[in-house]
Amino acid sequence: QTVVTQEPSFSVSPGGTVTLTCGLSTGSVSTTYYPSWYQQTPGQAPRTLMYSTSTRSSGVPDRFSGSILGNKAALTITGAQADDESDYYCVLYLGGGIWVFGGGTKLTVL
Amino acid sequence: EVQVLESGGGLVQPGGSLRLSCAGSGFTFSSYAMNWVRQAPGKGLEWVSIISASGGSRYYADSVKGRFTISRDNSKNTLDLQMNSLRAEDTAVYYCAKGQFSANYYMDVWGKGTTVTVSS
Numbered sequence: 001q002t003v004v005t006q007e008p009s010f011s012v013s014p015g016g017t018v019t020l021t022c023g024l025s026t027g028s029v030s031t032t033y034y035p036s037w038y039q040q041t042p043g044q045a046p047r048t049l050m051y052s053t054s055t056r057s058s059g060v061p062d063r064f065s066g067s068i069l070g071n072k073a074a075l076t077i078t079g080a081q082a083d084d085e086s087d088y089y090c091v092l093y094l095g096g097g098i099w100v101f102g103g104g105t106k107l108t109v110l
Numbered sequence: 001e002v003q004v005l006e007s008g009g010g011l012v013q014p015g016g017s018l019r020l021s022c023a024g025s026g027f028t029f030s031s032y033a034m035n036w037v038r039q040a041p042g043k044g045l046e047w048v049s050i051i052s053a054s055g056g057s058r059y060y061a062d063s064v065k066g067r068f069t070i071s072r073d074n075s076k077n078t079l080d081l082q083m084n085s086l087r088a089e090d091t092a093v094y095y096c097a098k099g100q101f102s103a104n105y106y107m108d109v110w111g112k113g114t115t116v117t118v119s120s
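From first to last, the protein sequence lines are chains P and U. Position 26 (the first sequence) corresponds to 26 in the numbering used here; numbering is contiguous. Position 25 (the second sequence) corresponds to 25 in the numbering used here; numbering is contiguous.
The shape of chain U in the complex, shown without the other chains:
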């Protein structure tokens, strides 16, 4: 079964840092782009970032550019999101989503999410 599983969420103070991880299984991790998508409490989905299958291309939403860094380790089938200079508005459930990023462009498998709370 194709699965992705997030971890690393928690409570962090404004201005602090947090690193999220996502483990992929049941598919050839190194062949697929991977995304982070977040959802603030009571709000809609917001695309955050994508990294290509090789890790050579990375893209970010304007709201996180310069503060968040996406990375992957294809030898370990893991995806990370390093979040720095966190703000209250970064409070959200963060979903990892396996992506299609060539002939088609969409997210096809979603994790259950990990919760990040930015508060003093």
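Chain P on its own, in the form it takes in the complex:
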């Protein structure tokens, strides 16, 4: 069974930079997995941040960026703000109509 891995938690100082990653138990993540990222605050629906590795969704500030770093997809927040404190999920498209979400990263800004 394919598992998508994310850091369970991360902490960043206000104004700081943090990079969250998204890995694959079966090997390297590449752009062919169309990694996308979602932000979710407690009790709210997810919000789409990034798709196709590095394309920001409409209305997402440019301090959010996406990339492939080594063998993982990555979401970088530059100049973190208090309202960036959320859960962040990546999802990979495995092909054949199948998606798998990572377990999510709880980001704390303090």
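Think of the hints as simulated: they come from the structure by calculation, not from any bench. In this text, all values refer to a predicted model and were calculated from it rather than measured experimentally. We put the beta carbon where it would ideally sit given N, CA and C, even for glycine. Take these hints with a grain of salt, some might be off.
[Stated by the list, open to error] Looking from chain P toward chain U, a few residues come up when the C-beta cut is under 10 Å (computed):
#1 Glu7
#2 Ser9
#3 Phe10
#4 Ser11
#5 Ser13
#6 Pro14
#7 Gly15
#8 Thr17
#9 Ser36
#10 Arg47
#11 Met50
#12 Pro61
#13 Phe64
#14 Tyr89
#15 Gly96
#16 Trp99
[Claimed, not checked] Computed list of chain P residues with no C-beta within reach of chain U, every gap over 12 Å:
#17 Val12
#18 Thr21
#19 Gly27
#20 Gln44
#21 Arg63
#22 Ser65
#23 Thr78
#24 Gln81
#25 Ala82
#26 Asp87
#27 Leu94
[Claimed, not checked] Between beta-carbon pairs, the in silico distance windows are:
#28 U:Thr28 <-> P:Ser28: 32 to 40 Å
#29 P:Glu85 <-> U:Asn84: 24 to 32 Å
#30 P:Leu110 <-> U:Ser120: 41 to 49 Å
#31 U:Gly26 <-> P:Ser54: 35 to 43 Å
#32 U:Arg58 <-> P:Ser25: 23 to 31 Å
#33 P:Gly103 <-> U:Arg67: 19 to 27 Å
#34 P:Thr17 <-> U:Ala88: 37 to 45 Å
#35 P:Ser65 <-> U:Gly66: 39 to 47 Å
#36 P:Ser25 <-> U:Pro14: 27 to 35 Å
#37 P:Ala82 <-> U:Gln3: 27 to 35 Å
#38 U:Gly26 <-> P:Ser25: 33 to 41 Å
#39 P:Arg47 <-> U:Arg58: 25 to 33 Å
#40 U:Asn74 <-> P:Gly95: 30 to 38 Å
Please build the complex by placing chain U on the supplied structure of chain P, with the hints as guidance.
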């Protein structure tokens, strides 16, 4: 405004059935794939199923295959999820999400979710 709105959640006994619905508005519903994604209490997101724009292709997560059926009615701009043989582990908030399923692959618009509780 592009919106999707889920309905149909509730309390059901183990082994029972429930049908969720999702209404799309503000976009050409028949042009887009649609997904169901769920989130168990205190847990992460889990992709459940996707149906292509025409309804001709349907895919499921292994955890629901054979028990859940996704369908759509493009004349009514609605998406459904028929859930049978429900288990306690199906308890979750179920989100409907408009999808991209060709040049790009992701979920771009999410509903607020509907809660399904499987319990005796």
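Checking each numbered hint in turn, tell me which of them this model violates, lowest number first.
The structure conflicts with hints 1, 2, 3, 4, 5, 6, 7, 8, 12, 13, 20, 26, 27, 29, 31, 40, although it agrees with all the remaining ones.
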